[in-house]
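With the hints as extra help, turn the sequences into a complete structure.
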Amino acid sequence: GEDVEQSLFLSVREGDSSVINCTYTDSSSTYLYWYKQEPGAGLQLLTYIFSNMDMKQDQRLTVLLNKKDKHLSLRIADTQTGDSAIYFCAETSPYSSASKIIFGSGTRLSIRP
Amino acid sequence: SQTIHQWPATLVQPVGSPLSLECTVEGTSNPNLYWYRQAAGRGLQLLFYSVGIGQISSEVPQNLSASRPQDRQFILSSKKLLLSDSGFYLCASIQGQGRGYTFGSGTRLTVV
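For the protein sequence lines, the chains are A and B, in the order given. In terms of this note's numbering, the first sequence opens at residue 8 and continues consecutively. In terms of this note's numbering, the second sequence opens at residue 98 and continues consecutively.
Just to be clear, a hint being listed does not mean it is correct.
Said to hold, decoys possible - With a straight-line cut-off of 20 Å between C-alpha atoms, the simulated EDC-like cross-links for lysine to aspartate or glutamate are:
#, chain 1, residue 1, chain 2, residue 2
1, B, K177, B, E119
2, B, K176, B, E119
3, A, K107, B, E156
4, A, K75, A, D10
5, A, K77, A, D10
6, A, K107, B, D168
Stated by the list, open to error - Heads up, incomplete: computed chain B residues facing chain A, CB under 8 Å, no partners named:
#, residue
7, S154
8, I191
9, Y198
These are computed hints drawn from the structure, not numbers from a lab. For each residue, glycine too, the CB sits at the ideal point set by N, CA and C.
Quick look at the structure:
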């Protein structure tokens, strides 16, 4: 079945760039997402990329997609303390019943001064 | 845009007691609705989804059930809670593929 994998933790210094990586197995994935979860809150959609794109940039966020390797990354430039959160990679495909989205286990980003 | 309301925000229930968590959606009609559980320090597990009134699909066998009595209402229930039912429960809605889910703010359930 479909699977999405991420590393569990990432620690970066304030002001540096953060790069969160994700791999997925479903070659028919059409949409890939990055969600952010702050402590005790629901998930917030940060950005998404369609599978025919290689890159998408939105202010401090850059998403890179390597479809051949089934690898997705999220780069956060000039990381701030407010970026501390869990980041979930997720994907869906047109063959997914009821538009189900498959989530990774999340990467906890911590910021050190 | 869609808004999802979930309540209560936190709940502490004894083992063996019943459960009812409610989710309502505003700003859309005929959405697909989903219940996820997030155990402490872990990812999201899809529990149930619904594509319409009265239509429920279960992803994993468990002690919980779901119902959709109205287009924009999704309810998660249990007759007798287990300790393992503790977790953070999230309701989600989607209007169409590609737009991603909209999530509610979640209910933190602790079974004691």
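Verification of the supplied hints:
Restraint check for B/K177 and B/E119: satisfied, since their Cα atoms lie roughly 17 Å apart, inside the 20 Å limit. With a C-alpha separation of about 15 Å, the suggested pair B/K176 and B/E119 falls inside the 20 Å cut-off, and the hint holds. Pair hint A/K107 plus B/E156 holds up; C-alpha atoms about 11 Å apart against a cutoff of 20 Å. As the CA atoms of A/K75 and A/D10 are separated by approximately 16 Å, the hinted pair is consistent with the 20 Å bound.
Only pairs whose Cα atoms come within 20 Å are accepted, and A/K77 paired with A/D10 is accepted, the gap being roughly 11 Å. Proposed proximity of A/K107 and B/D168 is supported: the alpha carbons are some 18 Å apart, at most 20 Å. Proximity of B/S154 to chain A holds as hinted, the smallest CB-CB distance being about 7 Å (cut-off 8 Å). Interface restraint check: B/I191 against chain A, minimum CB-CB distance 5 Å, threshold 8 Å, status holds.
A distance limit of 8 Å between C-beta atoms decides the matter here; for B/Y198 the minimum to chain A is near 6 Å, and the interface restraint holds.
When held up to the earlier numbered hints, the structure conflicts with none and fits them all.
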